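Peer 1: Chain by chain, the residues run as shown.
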Amino acid sequence: MNHDAFEFVEASGGIEAYRLPANGLDVLLLNQAAAPVVTFMVTYRVGSRNEVPGHTGATHFLEHLMFKGTERFNKRRGTSVFNVLQRVGAQVNATTWLDRTNYYELLPREHLALAVEIEADRMRGALIDPDEMERERTVILNEFDRGQNEPMRNLYHAVWSAAFVAHPYHHPTIGWRSDIETVTPEGLRHYYDTFYWPNNATLSIIGDFDPAEALDLVARHFGPIPASPAPIPEVRTREPEQRGERRLTVRQAGQLGMLMVAFKAPTALEADTDALDVLATILTTGKGSRLYRRLTDAGLTTSVFAATSRLRDPGLFYLFASLAPGHGHADVEAVLLNELETIKDDGVSEDEVRRAQRQLHAQEAFGRDGPFSVASQLNEAIAAGDWRLYTTYLDRIRRVTPEAVQQAARTYLLEDRRTVGWYVPT
Amino acid sequence: MPADTPPPTTDLRPFAERVYERTLGSCHAVFLPTPVEDVVTWKGSFLTFPDFGAGEELVQELVMSLLDKGTRRRDRFAIARIVDDRGAQLRFYADGIRCGFYGRALREDVPELMAILAEQLREPLFDADEFEKARAHLIARVHRSMESTGSQASAALSRRLFPPDHPNHTPAPQTQLERLGAVTLDEVRAFHERHVGANTLNLAVVGDVDVPAMEAVLRAHLADWPAADVPARFGTDGTNLPPGRTVVPMPDRDNVDVRMGHGLSVRRQDADYIPLYLATYILGGNFSARLMTTIRDEMGLTYGIHAGLVGISTLYHGYWQVGVTLSRENVERGIEATLEQVRRFTDEGVTADELEEKKTTITGSFEVGLATTNGLAIALLKNLERGFGPGYLDRFPREVAAVELDTVHAAMQRHLDPERFHFALAGTLPEAAPPGADAAS
Chain G
1287 MNHDAFEFVE
1297 ASGGIEAYRL
1307 PANGLDVLLL
1317 NQAAAPVVTF
1327 MVTYRVGSRN
1337 EVPGHTGATH
1347 FLEHLMFKGT
1357 ERFNKRRGTS
1367 VFNVLQRVGA
1377 QVNATTWLDR
1387 TNYYELLPRE
1397 HLALAVEIEA
1407 DRMRGALIDP
1417 DEMERERTVI
1427 LNEFDRGQNE
1437 PMRNLYHAVW
1447 SAAFVAHPYH
1457 HPTIGWRSDI
1467 ETVTPEGLRH
1477 YYDTFYWPNN
1487 ATLSIIGDFD
1497 PAEALDLVAR
1507 HFGPIPASPA
1517 PIPEVRTREP
1527 EQRGERRLTV
1537 RQAGQLGMLM
1547 VAFKAPTALE
1557 ADTDALDVLA
1567 TILTTGKGSR
1577 LYRRLTDAGL
1587 TTSVFAATSR
1597 LRDPGLFYLF
1607 ASLAPGHGHA
1617 DVEAVLLNEL
1627 ETIKDDGVSE
1637 DEVRRAQRQL
1647 HAQEAFGRDG
1657 PFSVASQLNE
1667 AIAAGDWRLY
1677 TTYLDRIRRV
1687 TPEAVQQAAR
1697 TYLLEDRRTV
1707 GWYVPT
Chain B
213 MPADTPPPTT
223 DLRPFAERVY
233 ERTLGSCHAV
243 FLPTPVEDVV
253 TWKGSFLTFP
263 DFGAGEELVQ
273 ELVMSLLDKG
283 TRRRDRFAIA
293 RIVDDRGAQL
303 RFYADGIRCG
313 FYGRALREDV
323 PELMAILAEQ
333 LREPLFDADE
343 FEKARAHLIA
353 RVHRSMESTG
363 SQASAALSRR
373 LFPPDHPNHT
383 PAPQTQLERL
393 GAVTLDEVRA
403 FHERHVGANT
413 LNLAVVGDVD
423 VPAMEAVLRA
433 HLADWPAADV
443 PARFGTDGTN
453 LPPGRTVVPM
463 PDRDNVDVRM
473 GHGLSVRRQD
483 ADYIPLYLAT
493 YILGGNFSAR
503 LMTTIRDEMG
513 LTYGIHAGLV
523 GISTLYHGYW
533 QVGVTLSREN
543 VERGIEATLE
553 QVRRFTDEGV
563 TADELEEKKT
573 TITGSFEVGL
583 ATTNGLAIAL
593 LKNLERGFGP
603 GYLDRFPREV
613 AAVELDTVHA
623 AMQRHLDPER
633 FHFALAGTLP
643 EAAPPGADAA
653 S
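Chains G and B, in that order, give the protein sequences. Basically our numbering = 1-based index in the first sequence + 1286. Basically our numbering = 1-based index in the second sequence + 212.
None of these hints come from the bench; they were simulated from the model. Source: prediction; values computed, not measured. Incorrect hints may have been included.
So the derived label-pair ranges between C-beta atoms look like this [stated by the list, open to error]:
hint, chain 1, residue 1, chain 2, residue 2, range
1, G, Asp1672, B, Leu551, 27 to 33 Å
2, G, Ala1291, B, Asp223, 30 to 36 Å
3, G, Gly1299, B, Phe289, 42 to 48 Å
4, B, Gly393, G, Leu1700, 54 to 60 Å
5, B, Pro438, G, Pro1611, 49 to 55 Å
6, G, Asp1290, B, Leu551, 53 to 59 Å
A short list of chain B residues far from chain G (calculated; beta carbon distances all over 12 Å) [what the hints assert, rightly or not]:
hint, residue
7, Arg457
8, Val468
9, Asn586
10, Arg598
Within a straight-line C-alpha distance of at most 30 Å, the following computed DSSO-like cross-link-like pairs (lysine-lysine) qualify [stated by the list, open to error]:
hint, chain 1, residue 1, chain 2, residue 2
11, G, Lys1573, G, Lys1550
12, B, Lys594, G, Lys1573
13, G, Lys1630, G, Lys1573
14, B, Lys594, B, Lys571
15, G, Lys1630, G, Lys1550
16, B, Lys345, G, Lys1573
17, B, Lys571, G, Lys1361
For each residue, glycine too, the CB sits at the ideal point set by N, CA and C.
Let's have the full structure, built from the sequences with the hints guiding it.
Peer 2: Put into structure tokens, the structure is as follows:
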């Protein structure tokens, strides 16, 4: 489609990419006329990865304050973001993660303009009021306490913190409690002024909408916003090579133990990560998978799953097991590690790889069911550094061979790059 | 540069005109083709009527968890292989007086998976080793629920509001563990024999559906499934306990989950249901509802607070519940502040503007919820179970839009009274529970 204000960049997998040359804003359009609804999403390429010690949790805190509104949209005027959008039936919320922050509205298609207007307004117009911030601080501390209640979450964060000693993936996205307690309005304002600019954001519009009208709306509301006055800061810290296994224990009152085993893994965009995705599928997807059979079907665990983090910087390939009553961490860990060694030694079969590819193909098709599901996956691809990771994912997976899976296992599943965490209930 | 082609358009005909409704022997099925490519989602259920007073809901859970552990024709690995090879999802669930199944697959794989589904429902193996594993998994699930403040608070409130024979009653963990320890494989087999059959079998199939092909598949595999002729055995009303408080002490849990509420003499088909749904939504249905804007936004006391109607069906009564999470230092202050808002709500009612706002919220979000095959399958099945029919997806927004302020206030006066609230708290409380509180384990 031609549009005066936009530069057409490329199309891939049904998605058209445009850019506003004036300010560098990227726009992705995917028309899906399955239901009369549309998802509008803004992904900012800022996450807890961009935070420094003493300022952890700032991205998440700022995400909360973005709902306190702007001069035009705020509670005092009866036009709070939630009030205006939920009035028309929108599902509206935001999430913060390691590499990104996203704000989204899933709403009846006739109200798309409202979502565009609000997101454009708060891209540069957030109030960040000190009084509002103090009230929100205790809300976030309660959110923090809720998280602390969950042993699984505590184990997950403990493993990441042990695995990364220099890179900001070390700290949880919600931040350390003392940083949440002490972050200042000036600190958050500075953070906002550093990262919330059109040239650090991608808009996604998915669902039932008229593409020409949608681009008009974006041009009208986002077009006047200037690009950032200074370049968006890069994260320069690289995690030093891990030279030995790290082990940790999390003790908390509870009933049944859990185990997490993690290995340093490549970035989202590297081909080895595709092989690790196939490996994770072979290990734990479905009741015929290797670890389901050896652990859950054998009665040692109640669940086991494996995943690759697929992040912008090198992350983790990890396995998580929930122990069945009467079984110990060491037994489960031994079986799990033995299976990984078997794969390193003997590889996986053509049949297993074909099955995993089929499973990932079906998951991808299921993931296109509804605009919000598409937006969620696209969001992670944008965060990883290339939105086309979403549209080319199946092609990448189809290229994975049994040899590539074995090679990835031999390259990354190394004892010296392993971090093992046990949750031991007290 | 992509071509300038006109965008595709959404089918806006009423659901009643788009749904294919069929009675195929003992199976009442609806099919809804949608433009999603290659994906078919289905959800079905049937009545089982376990005896809750005798803890049969746990036997029922075991039966459902064993359905995918082999049939008399194929072992569990042979079945897993077929399902895994196709990347499909096939799950069974137990939900009170009903059990059900859920599936999702690529279009070409649906006939084979439906055949497996029918085999699993009708001819399960019930192997002794698998039974022991399933029992261990269920015991583990109970143990894990004991780690969750939210689960423990909700369950404790349910025990104050409903007697053990009511579907909304959740037994105490220890009661569940004792019952699970005593269940035998013979009991599981007998439950399947007597309770699992095409007893009001409803099925919704949504997505890239080939309707004639689906009809043929269902005729071949489910149409002749006999009904299990089992009488309804459950309580329909709440308890008559005086209001009070249950505390579930849990170490190492700085966030305390609080539930408060009382029973309601309302069923889903009653005229008061939708006015009450709107009223409680105004109080605590979403981020812009009163409780979030006051207790969270203005006072900063909680991350999450909600209010709504829970556990109401066409066959039995449910309850009105307010739930809030509070850091331990804010527990009593948070409860008091919440009650103040609830009392203001029942004393002063709601405004015409609030009512109009939430009407459009509810009808808009209902429409949004129908944007996926899963959302559609859930909504269709729910309304088949209620006996409302698939056309209720068209009627519900109209029913909401027609509600008037006076009707809402009359329903609130008839049913909602915070002085009747029961309380349940779970977590590490800052001090001993107040006098008069029951402690629960």
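Peer 1: Does each hint fit the structure? Answer for all of them.
Peer 2: Here is what the structure says about each hint:
1. The hinted window of 27 to 33 Å between Asp1672/G and Leu551/B is violated, with their beta carbons roughly 52 Å apart.
2. Between Ala1291/G and Asp223/B the Cβ separation comes to about 32 Å, which falls inside the hinted range of 30 to 36 Å.
3. Remark: the range hint 42 to 48 Å for Gly1299/G to Phe289/B is contradicted by a beta-carbon distance near 36 Å.
4. A hinted range of 54 to 60 Å for the beta carbons of Gly393/B and Leu1700/G is inconsistent with their spacing of about 44 Å.
5. For the hinted restraint 49 to 55 Å between Pro438/B and Pro1611/G, the CB-CB distance of approximately 38 Å leaves it violated.
6. For the pair Asp1290/G and Leu551/B, the supplied restraint of 53 to 59 Å holds, since their beta-carbon distance comes to about 58 Å.
7. Its beta-carbon lying about 21 Å from the closest one in chain G, Arg457/B satisfies the requirement of being farther than 12 Å from that chain.
8. Residue-level check failed: Val468/B sits 9 Å from the nearest beta carbon of chain G, not beyond 12 Å.
9. Some Cβ of chain G comes within 12 Å of the Cβ of Asn586/B; the nearest lies about 7 Å off, and the non-interface call is violated.
10. Listed as outside the interface, Arg598/B is consistent with that label: its C-beta sits roughly 22 Å from the nearest C-beta of chain G, beyond the 12 Å cut-off.
11. Among the hinted pairs, Lys1573/G with Lys1550/G is consistent with the structure: their alpha-carbon atoms are about 27 Å apart, no more than 30 Å.
12. The suggested pairing of Lys594/B with Lys1573/G holds, with an alpha-carbon distance near 29 Å, which does not exceed 30 Å.
13. The straight-line distance between the Cα atoms of Lys1630/G and Lys1573/G is roughly 22 Å, inside the 30 Å bound, and the hint therefore holds.
14. Between the alpha carbons of Lys594/B and Lys571/B the distance comes to roughly 21 Å, so the proposed pair stays at or under 30 Å and holds.
15. A hinted pair counts as satisfied when its Cα atoms are at most 30 Å apart, and Lys1630/G with Lys1550/G qualifies at roughly 16 Å.
16. For a cut-off of 30 Å, the pair hint linking Lys345/B to Lys1573/G stands: about 14 Å separates their Cα positions.
17. Restraint check for Lys571/B and Lys1361/G: the C-alpha separation of about 20 Å stays at or below 30 Å, so the hint holds.
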